[in-house]
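Asker: What follows is each chain in one-letter form.
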Amino acid sequence: MFLRQRIFRQPSGEGVGFGKGDLAVLLLIAVILYFGLQLALGTPAIIEGPEINLDPAAVPFYALMSIGRMLAAYILSLLFSIIYGYAAARSRSAERWLMPALDILQSVPILSFLPVVLLGLTAILPQGIAVELAAVILIFTSQAWNLTFSFYQSMRTIPGEYLEAAAVFRFSPWLRFKQVEIPFAAMGLIWNSVMSWAGGWFFLMAAEMFTLGDRDFRLPGLGAYLQTAAIDGDTQALIIGIVTLIIIIVLLDQLVWRPLLAWAARFKVSQVSDDNPPTSWFLSSLRGSRVVTFLNMRLFKPFNLWLDRKLNRPPQHISSLEPDAERKRSLLGWLMLLLLALLLGYGVFQAAGMLVTVPLEQWGQIVIGAGATLLRVSIAVLIALVWTIPVGVLIGTNARAAAILQPIVQIAASIPATALFPILLIRLLGVPGGANMAAVLLMLLGTQWYLLFNVIAGASAIPQDLQYTSDLLLLKGWRRWKTLILPSLFPYIITGLITASGGAWNASIVAEYTHFGGEITQVTGLGAQITSATAAGDFALLLAATLTMIVLVVAVNRLVWRRLFRVAEDRFRMDQ
Amino acid sequence: MNDNVLLKVEHVTKIFGQGDRKFTAVKDINLTIHEGEFVALLGASGSGKSTLLRMINGLISPTEGAVYYRGKAVHGINPYSTMVFQSFALFPWLSVLANVALALEARGDMSQERFSRAEKLIDLVGLDGFESAYPRELSGGMRQKVGFARALAVEPELLCLDEPFSALDVLSAESLRGELMELWTGGSLPIKAVLMVSHNIEEAVSMADRVIVLGKEPGRIVAEIVIDLPHPRSAKDSSFEVLMDRIYSAIAGHTQLEMSEVGTAPGSPGLTRILPGSSVGALAGLLEHISGFKAPYDIYKLESELGVETAHLVQSIEMAEMLDFAVVKSGDIQITPLGLAFAEASILTRKELFAQRARRVPMIQWMIQMLKAVPSGELPWKVFYTALQPEFPDETAERQLDVAIDWGRYGELLDYDDRDEMVSLDVSNRKEPTVSA
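Read top to bottom, the protein sequences are chains F and Z. Per the working numbering, the very first residue in the first sequence carries number 1; after that it's consecutive. Per the working numbering, the very first residue in the second sequence carries number 1001; after that it's consecutive.
Chain Z extracted, bound-state conformation (with noise of 0.2 Å):
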């Protein structure tokens, strides 16, 4: 039965720098895909979702583990894979034409009919007329069908898409989508199967036979639904809300005891939480939204009510979580009283809800004493990203603390100053002299 597997991912682990400046990206993931398989990878970001295809594609290599394709081992990049790029990757001094053949003229193939070829995968995708056109002068959603072009004018076996439609308005991706299913359930691609990589719940329930859903800190397989809907499928039917609601309690998770919702301070042992880079704006959203919900409520529902990508729908939530203005269980959210309080209140009232509950967040507590620790009172935001970096790769501890900081300022607890680089306590946070009597 193992004869139609095409990629094999054995116990694979990437850890990124080097000495006490480690970052695993992902850990201990084990896949397979089967010829005929359109597999879709789901995460929200940071989950390695990018560097586990990237893994697959040869990009990059596993720090332990092997990826296999038909037995072998991959080093190097895979021969047999080519790529769909979420920014379209076409050479804008060529045009799209010239970017289809140049992916022939890698392969050594110099002939002049490599511009036949060319032009009829650029038939193919619909794009004939455009051929002497220039990527500048096309739509997003064009300029993603010359990369599909390009990407089959190699003739790959496993066709890897990163992200693909999310670079493009909401109907040029639909109709994409709608081609490449065409295309793909027609049989008329030589390609074997399909690995992509989304953050579009909807988009994966609608086009994969399979969803690998990753979870994060650090990335890992948390859930693998298999999706065995006929082609086309309907985001009305029941049966697909099921499968949407099924991967968004994975994705989301539950909400924790406090203790770890929200983790311990930079330093103390236990895992730190990076925060959630959500806006408060776009907290208050949320909560004003399901303020009007007695009962829990679909989350994958809200995607499309809110307008949100699944990636910030989820960073709010998270962000609600950790702050306890909300509960999640199995795919539904539903406010906490305090949450309510919160969405109700005034503008300065808000302020003050915020910053009790900022307060018991490890990583504003720990700032918070380090600051009150200091005489003056402010610290160089040097000290904070050093103390930091241990825990985290460089680019996430610098996030983390403009997320603090911005948090710390909405609830008055921090302050900023980007001219020297200093972070303080806020005025009305500063421990008042004692005046004796």
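Extracted from the complex, chain F is given alone in its bound form (with noise of 0.2 Å):
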């Protein structure tokens, strides 16, 4: 219904290649990291997590406590995207190192964080503190980044005249936020809402049930849930689950999404009606609701109002809308500065002097295991293209077959692919090859579907004219797909690629190692190595193969994907 919207558009930052800033923010990574090993030292050599039980009962309560985590993060990332990406839009010097700082940290397969995140915590922290902390880190790590690049983008390109009418009629910052700013960014951030979910869910049940060694670590939640239930092969369990998890999902779509992507509909910019604008039954029959017409008029209204009266203070003063110029850094700003080189420098020192103790041979085996993942991913996304190019573009073009296939993909695509692994561990295991198949399915069940809904946004885009001439032309067939579909799908399907890359490398550090059913099954690839080397606590090994993973995202993004991006945005936009 509202696909076109939902193009996963990644931010093109600057420039392609690697610059200062990446180098700075890569080897901050690299040091949060080694600190975080430090801590990770610590750690006990044995966990136990709560027993999970599989009672039908008890599903409620999982969800109940799945959903607060979710929303725990949710929070957390709404407010790090509005602090981070006003400051950002603010600032110029700011500006400066946060924006590549977010590149980076967008394309940083986050799972690769997790064990290092999850060891260090529950050396400081309560074991049952720890793994909820570090599962609520997880999320925010997958939700923050594109809230924090909408937010900062509706800043940046609130038209000038909506400035300078704010300005000229002397709007105190309330009223700005309240009246300009929260109404650009509105639309943004819900889409982009919308997709953290996805992608939070997508963590949580990875991250509610993780097992290195003999350190057991789980959440009582619909993750830890499933994952037992896959173990003792309660096959009634795992319905119960899925289904759950599906019916959550649904629902948040229908009462909350929906409702806010119909009522945020007014903030359009364009001065013109929309033909079909948004809709939700769940607002209409709010609206017409009494009880809350009544709540609206004597709770939300004078709310609203205190509200004003206490923040809509005139301002004394509004100064220029000019960018401030370059101001001279303060001596504190420096001395600040130096202690950040400082610290910095100490951390890469250790961090190299970590990565020196491993040998040579375990280096090899990084680069073959990086090859090995590499060629899953390129797999899980070829197989992925060969099935979306054709669906999607049936869906885009055929408002019958959409009518039949959208609901389904819809439903499909909202169920996070780890919540389904189990499963497919569970038939793969026993057949030759199957692990390797089985993390090929899962990079594939995890990033197919940003392929398929950017190729039937690409193909409902196509212009009617340009049908109607292809068909006036008589273009049929083979060349039909080349002179004009395919071309129109371009920038889609890189846009859509980029995701979804991105999501099968981060998958490989649950797909390639799995502890199942107190059997450890591994294939060769750096996930694996990442996985396996937390569990033997060879911490050094764990750092240079996580660091290999960051870089080598992190440069494929650069020198491929971004290049091959700006191609699409110069050569096959059609609004130009």
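Because the hints were derived from the structure by calculation, they are not lab data. Check the hints yourself; a few may be wrong.
[What the hints assert, rightly or not] From chain F, some residues computed to sit far from chain Z (all C-beta separations above 10 Å):
#	residue
1	Leu64
2	Met99
3	Ala165
4	Val168
5	Asn312
6	Ile318
7	Trp481
8	Ala536
[Said to hold, decoys possible] Listed below are the simulated DSSO-like cross-link pairs for lysine-lysine, each with C-alpha atoms no more than 27 Å apart in a straight line:
#	chain 1	residue 1	chain 2	residue 2
9	Z	Lys1120	F	Lys301
10	F	Lys178	Z	Lys1120
11	Z	Lys1351	Z	Lys1294
Beta carbons are placed, not taken as given, at the ideal position from N, Cα and C, and that holds for glycine.
Hints given; two lone chains; assemble the complex.
Answerer: Put into structure tokens, the structure is as follows:
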């Protein structure tokens, strides 16, 4: 329905190569990883998680726990994105560091951090809290970046005349926030929240039950419930768990996101009326409901007025709108910078010292593992391309097919792949080469939807007059694909691929090394190396492998995807 | 006599950018606005009129000089002035009433009465009945009325109008101008003075008491013309036409000797002329139109005859001057023999004539020379762009290259491949390797 807005657009940064800022950020990540590992040294050798009860009556409790974790992480992400985005959009000097940092952070395979975060936190906190916190942090890192980019971009793209009007009419900061900034950011924030929640479920399912050797990190939640059910071979519990998950996701969609989207449609900037604005039955029924009207009159309106009265203070002075000239750094600023540099230098030195202890032979294995994972990622993405392009074009151009397939696709896409993984494992582990197949399948499950939604969006965006022209020119079959469809899809496919390959790398951490029913299955790969190194307590190897993965993903992003993206933007955009 | 001086702009210069990427938007501007005056700032695009308006408003601050309001220097937004925007800048998610009331809320007025006050203003501009409508439901003219109502809501002394009618269709603009003049001359507004930016000469002459004409490169005042015709004014009056003519001669200037008309190449001493951003099609249209007139012809008449905006017309005329297809003197234009030949030529001959003249434009000459200096005859677009940057602000440099490539393509002098962003000599322009016998 709103697929056109579902384009997963990667913000294209400044350059295609690596910059100074990128290097600094990568080093910083290495240092943080190193210190995390230092903490992790103190982790108890044996950890036992709480028993997971497979009784269906326990499911609502687990579901609530999972939702609670998601909500906590989401609120954190939202706060973070508004503060970070605001800072980056408001100050030129802050922007120079904050944006490259964000760009790297969003391409880092988040799951590769999970082992370090889990171990580090259990070393300093009671185990229950540590695992809980690790899950929230992990979900946060999967939700925050795109929200932040969205908010930042909204801030930067507020049309100049609105900022000028806000200044000329002397808006207070509160009024500007309420009437200019939030309205302009709302649409983007809501769409990205939908994506963030989808991504969050994926990581939550993985984070709720994570086994590293004798350490069994477990949280009472749906993810753990599903994995336990799969291990015990309890089909009934498995089905109940998955159905519950789907119900939760559908309910959230119907009761939260759709109403929000329908409500935010008013903030569309275009001065022309939309032909088919997003609608929500729930919002309509809310609007008609007497209880809600009553609450609105008695609660919401007075609160709003109270807030306005409290916060809307007409400012005495409003300064000019020009970007602040580069200010000279103060002495304190220099000292802070020096301190930071020293700390960073120390960390880099220490981390390098740790990396040096990794024998050459292990580096060789890391290279082989990286190659194997790269191969798996490529295969998964290729398979996804092969099926999503025809299906996406069918849905995008054929209204009848769309009516049937769209709801199915949306439900299917809403199930986090990690929830299905245990089922996959049961089926495949006995088969020769099954572990490899399972790994590729998990990558595929997690990433194909990005591609499909992009292809649908691209196909439905092919201008009607071009379609007619192609009809008139009798373009059929392969020629039609070559001249019309594929070029039109290209930018959308690239945007889909960027997200898809990022997701596939991420999935490799849980896909390549599995601890299932007391048995460890492992395939050659960087993801497996990261997890097994953690299990074995080989922190030097863990650091080396994690860093390799981060650098690899960021490099592929810069050198391959961003270049292609630029070509796509320059040559194949329709709206020029 | 200085008692009623509302605003004084003293030696104001605005420079954008830093280091060797500086660009002077306006230079050494002096002007005074008295109470009761309606002043129009007129100029072609790039003359810095909007920049000046924003400095007067306090939206941006001058690099040199100062703006004084009632004798006090303006720092930050001037609280006594307000603005009506070209693009309306109405909040699409607020109703007409809420848009106007918002201006009152910004002053800290959260009382219920703010709505009745907003309603009165909506009545004043003639929008009663549309209070609950959203901007998207209104026509352009009605939206701008909301813009006026909102501006009036804060009871400003100085009302700044930033091309308020240029986003409207001709008829709505005409009627809105009339209504504004009715309110202004009727004295029913609390406003002390109006400052309007415009690029439409007829509009300025029909509304203002004084027209300040800005020239470009850099933006500066080139003429100040007092319009003392009684209201309502008619564009048909001969005194009106005389004033239009005078202003056109100030804006269009007169054709210089070829040397200064075409300027110098980038990098060499002297002023590099900015290529007028007009297309060959528009140039041909202009030349065809004036090819019928034997004597110098009033430029202001062309505007309505050709149905183009002043800004576009001035650019096309500049292009004709630069290529020596027409000469301009005191508001009149005359086609040259070369221009006449162009106007009457076939498509292919036109290209040749154009190429001959375009070759002499230093900017294009410079590009051809650079391209000939490399064996492959092609250079990345970036090379030219970087070379232009010290002389032009970023956007201008890019536009300049676009124009030069456009002209070069038409004249079959240059070629450009967007895929690899390479500028090259056109195949026909490439020096053939000399074959010795």
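Asker: Checking a non-interface call: every C-beta of chain Z should be farther than 10 Å from the C-beta of asparagine 312(F). Is that right?
Answerer: violated, 7 Å
Asker: Beyond 10 Å on every Cβ pair: is that true for isoleucine 318(F) relative to chain Z?
Answerer: Non-interface label on isoleucine 318(F) violated, nearest chain Z Cβ at 4 Å vs cutoff 10 Å.
Asker: Given the hinted pair lysine 1120(Z) and lysine 301(F), is their alpha-carbon gap at most 27 Å?
Answerer: Answer holds: lysine 1120(Z) to lysine 301(F) is near 25 Å, not above 27 Å.
Asker: Is the hinted pair lysine 1351(Z) and lysine 1294(Z) satisfied, with a Cα-Cα distance of at most 27 Å?
Answerer: Holds, at about 24 Å.
Asker: So is leucine 64(F) really clear of chain Z, every C-beta pair being over 10 Å apart?
Answerer: Per Cβ check, leucine 64(F) is outside 10 Å of chain Z; nearest 35 Å; holds.
Asker: If I take the minimum Cβ distance from valine 168(F) to any residue of chain Z, is it greater than 10 Å?
Answerer: Not fine: 5 Å to the nearest Cβ puts valine 168(F) too close to chain Z.
Asker: Alanine 165(F) clear of chain Z by more than 10 Å, beta carbon to beta carbon?
Answerer: violated, 4 Å
Asker: For the pair we were handed, lysine 178(F) and lysine 1120(Z), check the Cα-Cα distance against 27 Å.
Answerer: Holds. Lysine 178(F) to lysine 1120(Z) sits at ~26 Å (cutoff 27 Å).
Asker: Holds or violated: is the Cβ of methionine 99(F) farther than 10 Å from all Cβ atoms of chain Z?
Answerer: holds, 20 Å
Asker: Is the Cβ of tryptophan 481(F) farther than 10 Å from every Cβ of chain Z?
Answerer: holds, 21 Å
Asker: In terms of Cβ atoms, is chain Z entirely out of 10 Å range of alanine 536(F)?
Answerer: Holds: least Cβ distance 51 Å, greater than 10 Å.
Against the hints set out earlier in the document, violations occur for numbers 3, 4, 5, 6.
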